[in-house]
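Novice: In case you want the letters, here they are:
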Amino acid sequence: MTDNPYEQWLAERRQVSAPAKLADYIMSQVANIERQRRDI
Amino acid sequence: VGIDDRELVRRALAGKTNDFRAIVDRHQLSLFRFAFGLLGNREDAEDVTQEVFLAAFVNLSSYDSTRATFSTWLFTITRNRCINLLKRKRPIILTDPNSIADGTSTDPIVRQELSQQLDCALAALPVEQCSAFVLAEIEELPYAEIAQIERTSLGTVKSRIYRGKQRLQSLFESAMKESK
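In order, the protein sequence lines correspond to chains B and A.
When we follow this note's numbering, the leftmost residue of the first sequence carries the number 2, and every step to the right adds one.
When we follow this note's numbering, the leftmost residue of the second sequence carries the number 743, and every step to the right adds one.
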């Protein structure tokens, strides 16, 4: 790990994680869109 | 593993929703990080990432693999969504360089403050610089792909990244000088 705070900040930014349920939320909305398409 | 994006898109267009899930799983992290870098907060980044995938799903048939990779297409949609949101939310005040915390400190609180101030400084960059900087320095994409996403020349991308880095690094240097 570098001592340079700028490099540390960059490293932290590269390690940002996505919310745990993000993909599930997206896919539930995708399923809604599909249902709407079928209902039309 | 091993199925490329074009094949996943083809399958999703054929109605295989699970293959769209594979697309989401593959790209959600990089798109979220990019949105987070541009927007500066997780809630907005999450909203934009969701919107991007829904827009991609609805408009999947318009994706042209001869013009861009699927990843580039998604980054372009993300960039445009973020810029639209920023236009509604800005102006953001640039942090005074003299108020940046001491960059040499090992105190975790000071470090955290410094990191937050850098986040603010990043958000305060002109949006084109910010976008190119995040794609290059955080997502570590090749400059040629960034030029495609930004719809500009390679030279302009290099210049934006250089200016963004200079700006952020100068904030640190100012802080270090102030502390001596």
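If you are wondering where the hints come from, they were derived from the structure by calculation, not from laboratory data.
C-beta atoms are modelled at their ideal positions from N, C-alpha and C, and glycine is treated no differently.
Hints should not be assumed to be uniformly reliable.
Using C-beta positions, here's what the derived DEER-type ranges look like [to be verified]:
hint: 1; chain 1: B; residue 1: Arg-15; chain 2: A; residue 2: Ser-912; range: 30 to 38 angstroms
hint: 2; chain 1: A; residue 1: Arg-830; chain 2: B; residue 2: Pro-20; range: 16 to 24 angstroms
hint: 3; chain 1: B; residue 1: Arg-39; chain 2: A; residue 2: Lys-907; range: 46 to 54 angstroms
hint: 4; chain 1: A; residue 1: Ser-901; chain 2: B; residue 2: Gln-16; range: 25 to 33 angstroms
hint: 5; chain 1: B; residue 1: Arg-39; chain 2: A; residue 2: Lys-900; range: 26 to 34 angstroms
hint: 6; chain 1: A; residue 1: Ser-895; chain 2: B; residue 2: Asp-4; range: 17 to 25 angstroms
Novice: Going through the numbered hints above, which ones does this structure break? Give me the numbers in ascending order.
Specialist: Of the numbered hints, 1, 5, 6 do not hold.
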